[in-house]
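Enquirer: Each protein sequence line maps, in turn, to chains A and B. Each number in the working numbering comes from the position in the first sequence (counting from 1) with 99 added on. Each number in the working numbering comes from the position in the second sequence (counting from 1) with 16 added on.
Quick caveat, the hints were computed from the structure, so don't treat them as lab data. C-beta: ideal position from N, C-alpha, C; glycine also. Accuracy of the hints is not assured; some may be wrong.
Unchecked claim - Not the full set, but computed from the structure, chain B residues with beta-carbon under 10 angstroms of chain A:
hint, residue
1, S26
2, L30
3, A92
4, R94
5, G97
6, F103
7, V106
8, P107
9, S124
10, P136
11, R175
12, M255
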Amino acid sequence: MQSDNQTTSPSAPPRFKRPSIFTWVVLLIFIGLLAQGISVMEITFERLARGAVNLVHFIGRAIPPDFDDLDLIGRSMLETLYIALVGVTVGVILSVPFSLLAARNTAPHPLIRAIARFAIATMRTIPDLIWALIFVVAVGLGPLAGVLAIIMDTIGFAARFFSERIEETHPGPAEALSSTGAGRLSVIGGAIMPETLASMTATSLYSVEKALRSAVTLGLVGAGGIGVELAAAMRLFNYDDALAIILVILVCVLSFEQLSSMIRKRVI
Amino acid sequence: MIDVSQVEKSFAALHVLRGIDLHVQPGQFVVLLGANGCGKSTLIRCLNGLTRPDAGRIEVAGVQISAARRRRLRRARRQIGVVFQQFNLVPNVSAFQNVLYGALGRPSGGLMRTLPAFAPSQLREQAMACLERVGLVDHAATAARDLSGGQQQRVAIARTLLQSPNVLIADEPVASLDPQAGRAVMELLIEIVAERGMTVLCSLHQLEFAMAYGDRVVGMKAGRIELNECRERVNRDAMGELYKGVVRVDHETNNAQVH
Numbered sequence: 100m101q102s103d104n105q106t107t108s109p110s111a112p113p114r115f116k117r118p119s120i121f122t123w124v125v126l127l128i129f130i131g132l133l134a135q136g137i138s139v140m141e142i143t144f145e146r147l148a149r150g151a152v153n154l155v156h157f158i159g160r161a162i163p164p165d166f167d168d169l170d171l172i173g174r175s176m177l178e179t180l181y182i183a184l185v186g187v188t189v190g191v192i193l194s195v196p197f198s199l200l201a202a203r204n205t206a207p208h209p210l211i212r213a214i215a216r217f218a219i220a221t222m223r224t225i226p227d228l229i230w231a232l233i234f235v236v237a238v239g240l241g242p243l244a245g246v247l248a249i250i251m252d253t254i255g256f257a258a259r260f261f262s263e264r265i266e267e268t269h270p271g272p273a274e275a276l277s278s279t280g281a282g283r284l285s286v287i288g289g290a291i292m293p294e295t296l297a298s299m300t301a302t303s304l305y306s307v308e309k310a311l312r313s314a315v316t317l318g319l320v321g322a323g324g325i326g327v328e329l330a331a332a333m334r335l336f337n338y339d340d341a342l343a344i345i346l347v348i349l350v351c352v353l354s355f356e357q358l359s360s361m362i363r364k365r366v367i
Numbered sequence: 017m018i019d020v021s022q023v024e025k026s027f028a029a030l031h032v033l034r035g036i037d038l039h040v041q042p043g044q045f046v047v048l049l050g051a052n053g054c055g056k057s058t059l060i061r062c063l064n065g066l067t068r069p070d071a072g073r074i075e076v077a078g079v080q081i082s083a084a085r086r087r088r089l090r091r092a093r094r095q096i097g098v099v100f101q102q103f104n105l106v107p108n109v110s111a112f113q114n115v116l117y118g119a120l121g122r123p124s125g126g127l128m129r130t131l132p133a134f135a136p137s138q139l140r141e142q143a144m145a146c147l148e149r150v151g152l153v154d155h156a157a158t159a160a161r162d163l164s165g166g167q168q169q170r171v172a173i174a175r176t177l178l179q180s181p182n183v184l185i186a187d188e189p190v191a192s193l194d195p196q197a198g199r200a201v202m203e204l205l206i207e208i209v210a211e212r213g214m215t216v217l218c219s220l221h222q223l224e225f226a227m228a229y230g231d232r233v234v235g236m237k238a239g240r241i242e243l244n245e246c247r248e249r250v251n252r253d254a255m256g257e258l259y260k261g262v263v264r265v266d267h268e269t270n271n272a273q274v275h
C-alpha cells in the first residue's frame, strides 16, 4: 500500500532550481569587477595598520573637544539650518507645479510631461555637492549657493514623490468635478490636492531632514554653513575644534529628525 | 432633451457601443437596463463628454456634446448633472465642501469661491439648503469618507442639486448600496427630479425600480438597444431577455454570475 502511494504521488518541484545563463553571466561579471576593485585599492596589511595608528592619533588630539568657539559653531550651525529651511521651502513650493506637469493625470500634454519628468530626473541625478560646486561658481561662496543647491535637490526628490502620489489618486472625484463643468485647475485644486496633501506634507518634512544633512556637507565646497568651519578645522589640524563641530552637528541633526518624525506621525 | 444617433465606441478590440439611437423628451424619466458590460456606463459617460464616441452624434440640452471641446463642453456640462455608482465624493473634505463643489462650473465659480472659507454667504446658504433637502444638515462638517454609502450618495445628490442642471444622468446610483438604503436614495432622487422637472436618464439593475419609476424603459444588450417602450407596454419577459444571454456566457466560462 505504502509503495503504491509513493509511485502515484506527484513529484514535488526540485529543491534547487538550476540558475539561468543570465544569472551566471551577471554573477561572473560581478565577481570579476569585485576582484578588480579590490586590487585597485592596494589594500595591504601595512597600510591598514598605519591607518589605525593615524586614527588613534586623530582621536587622541581631538579629545577633549574644544568648545571655546561654541558661539561661532552655533552661528554657523544656525546658518546651516537656515540654508536647509529656505532651500526646502522654495524647493517644495516649486515641486508642486513640476509634479503636476509630470503626473500622467494632470499633465496638459504628453510632451510637457516628458520635459517635466526629464527636468526632475536631471535635478535628482546630479548630486547636491555637484550642484553646490556649480552654484559656487555662479553666485560665489556663501549660503546662497547652498540654498540653490538644496532647491535643486529638493525638487528632484519631492517633485518625483508628489507626482507619483498624484498619479495614485482616484479618478472618480476628479471626474465628478469635471462633470459639473469645472475647469482643469479647479479639478486639480478641488479633488486631487486634498487627497495628496497629507502625503505631500510628510514628504516635505522628510525633505527637510534630508536637506539638513546635505546642508552640513555643502559647506565643504564653500556653500556656507557649518561645513565651512569643519573643513577649516580639519585643514588646520585643529582636531579638537573639529570634534566639537561634529558633536554639535550630531545633536542638531538627531534632534531635528526626532521632531520631524514626531510631526510626520501626526500628519499621516 | 437628449438626442443620440448612431453612436459607436470601441475600446481597443472591444466594440462597446454599436449604433446607439436614443431620444429622451424633456421631463421624461428614462430607465436604462442591461447586464454588466452591455455598454450602459459608456453611453452615460458619452452623454457628459467624459468619454468621446468614435462616431455618431450626441446632443444634450441643445448642445452637440460629441463635437464640443473645452469651454463649450464645460458650459454644456453645467446643464448635465451626473450621479455616479461610486458617489465620487472627494474623500477627505467635508460633506459641505463636496456640495459646494457643485458650483465649480458656474461662470462666477472657480475653486476659490467654492471653498468653505471663501464662498459667498449666499452660496453657503444654498449649499446648506441642498444638504437639508437630502436630510444631512447634521453631517455638514463630517468628512465624506466617514459617511455611510447611502449618506455619501445623498451628498452627491446634494452636489448635483446645487449644480441645478436641466438634465440628470445617473449611472447605477444605488448599485453599491444595501437594498434598504438603495430604496431610500432612489425615492429621494425621484422626488427631487420631479420637484425640479429634470430630464433623467438613469441606468439601473433593479427591474422593480424600473417598473416603479421609469416613464420609459430602454434595454441594452451587447452594445445595442434591444428594448425601448413606455412603462405600461413593457413586459417582464422582454426585460428578462436582456440578461439571458449573459447567464449563458457565464456558464460557458464557468464563471456563473446571476443577475
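Enquirer: Does each hint hold? Answer for all of them.
Expert: Here's how the hints hold up against the structure:
With its C-beta approaching chain A no nearer than about 21 angstroms, B/S26 sits outside the 10 angstroms limit, and its interface hint is violated. Contact between B/L30 and chain A, as hinted, is not supported at the beta carbon level, the nearest pair being about 19 angstroms apart and thus beyond 10 angstroms. For B/A92, the shortest C-beta to C-beta distance to chain A is roughly 8 angstroms, which falls under 10 angstroms, so the interface hint holds. Below 10 angstroms, beta-carbon pairs count as interface contacts, and B/R94 has one with chain A at about 4 angstroms; its hint therefore holds.
Hint on B/G97 holds. Least Cβ distance to chain A is approximately 8 angstroms, under the 10 angstroms limit. Interface restraint check for B/F103: the shortest CB-CB distance to chain A comes to about 8 angstroms, inside 10 angstroms, so the restraint holds. Residue-level restraint check for B/V106 holds (minimum Cβ-Cβ distance to chain A is 5 angstroms; threshold 10 angstroms). Given the 10 angstroms rule on beta carbons, the hint for B/P107 holds: about 7 angstroms separates it from the nearest Cβ of chain A.
For B/S124, the interface hint is violated, since its Cβ never comes within 10 angstroms of a Cβ in chain A; the closest pair sits about 12 angstroms apart. For the restraint placing B/P136 at the interface with chain A, the shortest Cβ-Cβ distance is roughly 16 angstroms, beyond the 10 angstroms limit, so the hint is violated. Because the beta carbon of B/R175 sits about 8 angstroms from the nearest beta carbon in chain A, less than 10 angstroms, this interface hint is met. For the restraint placing B/M255 at the interface with chain A, the shortest Cβ-Cβ distance is roughly 29 angstroms, beyond the 10 angstroms limit, so the hint is violated.
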